[in-house]
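Sequences listed follow chains U and B, in order.
Using the working numbering, read the first sequence as starting at 25 and increasing by one per residue.
Using the working numbering, read the second sequence as starting at 499 and increasing by one per residue.
These are computed hints drawn from the structure, not numbers from a lab.
One or more hints might be untrue.
[What the hints assert, rightly or not] In silico DSS-like cross-links for lysine-lysine, where the CA-CA straight-line distance does not exceed 30 Å:
no., chain 1, residue 1, chain 2, residue 2
1, U, 44, B, 550
2, U, 65, U, 38
3, B, 595, U, 90
These numbers come from a predicted model, not from an experiment.
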Amino acid sequence: GAVVSQHPSRVICKSGTSVKIECRSLDFQATTMFWYRQFPKQSLMLMATSNEGSKATYEQGVEKDKFLINHASLTLSTLTVTSAHPEDSSFYICSAPFSSGDQPQHFGDGTRLSIL
Amino acid sequence: DAKTTQPPSMDCAEGRAANLPCNHSTISGNEYVYWYRQIHSQGPQYIIHGLKNNETNEMASLIITEDRKSSTLILPHATLRDTAVYYCIVRPINDYKLSFGAGTTVTVRA
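Bound-form chain U, shown alone (with noise of 0.2 Å):
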């Protein structure tokens, strides 16, 4: 089964409207996530390292404001996309490691997002 749930899994919206999506750990604890974006046809893009009580680390060329991150807690980060605008419409998945070491990252189902 899921080890990381992602919800919504689809949203539609307005252009201006700001969008929140969550990513959770099932029965671990996550102190890092990880957010990717996946444009059509392309590979997936790291955005941002989610770090619980601590700001998240942005990859070079993604705006920070624009792209918000919570790590409210051991199982929950979350991704807010700000005044959403077309050219944001794409695939969001999230990902956290299942422990430490040498343990595979598990990610989740994605959320397509469109902005009209």
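Position chain B relative to chain U; hints supplied.
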């Protein structure tokens, strides 16, 4: 930048073994080789990973060359549901960040 090179696409027949190559010539001694796959419109699914030794699990086998500069993912009996994009990723032991390249689009045909 992705540190791996994979063929962009490959076809394989249902029921046959699928061998997916990956080059990672600049891999260092403290980096894992991970394989994930992504079925259309879903999040990536973990398949297998290894450091030096060959690995096998219920999904696949991973063969890593002795010099560690390349590896092969083997799906022993491909099914139509194995059609996906397969990503070979090199990841440092102490860093969970994953850098995705273009991957290999695998199409399993009946």
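Quick rundown of the hints versus the structure:
1. Using a Cα cut-off of 30 Å, the hinted pair residue 44(U) and residue 550(B) is violated, with the two alpha carbons roughly 41 Å apart.
2. This hinted pair checks out: residue 65(U) and residue 38(U) have alpha carbons roughly 24 Å apart, not beyond 30 Å.
3. Proximity of residue 595(B) to residue 90(U) is assessed by CA-CA distance (about 22 Å); at most 30 Å being required, the pair is judged to hold.
In the structure shown, a violation is registered for the earlier hint numbered 1 alone.
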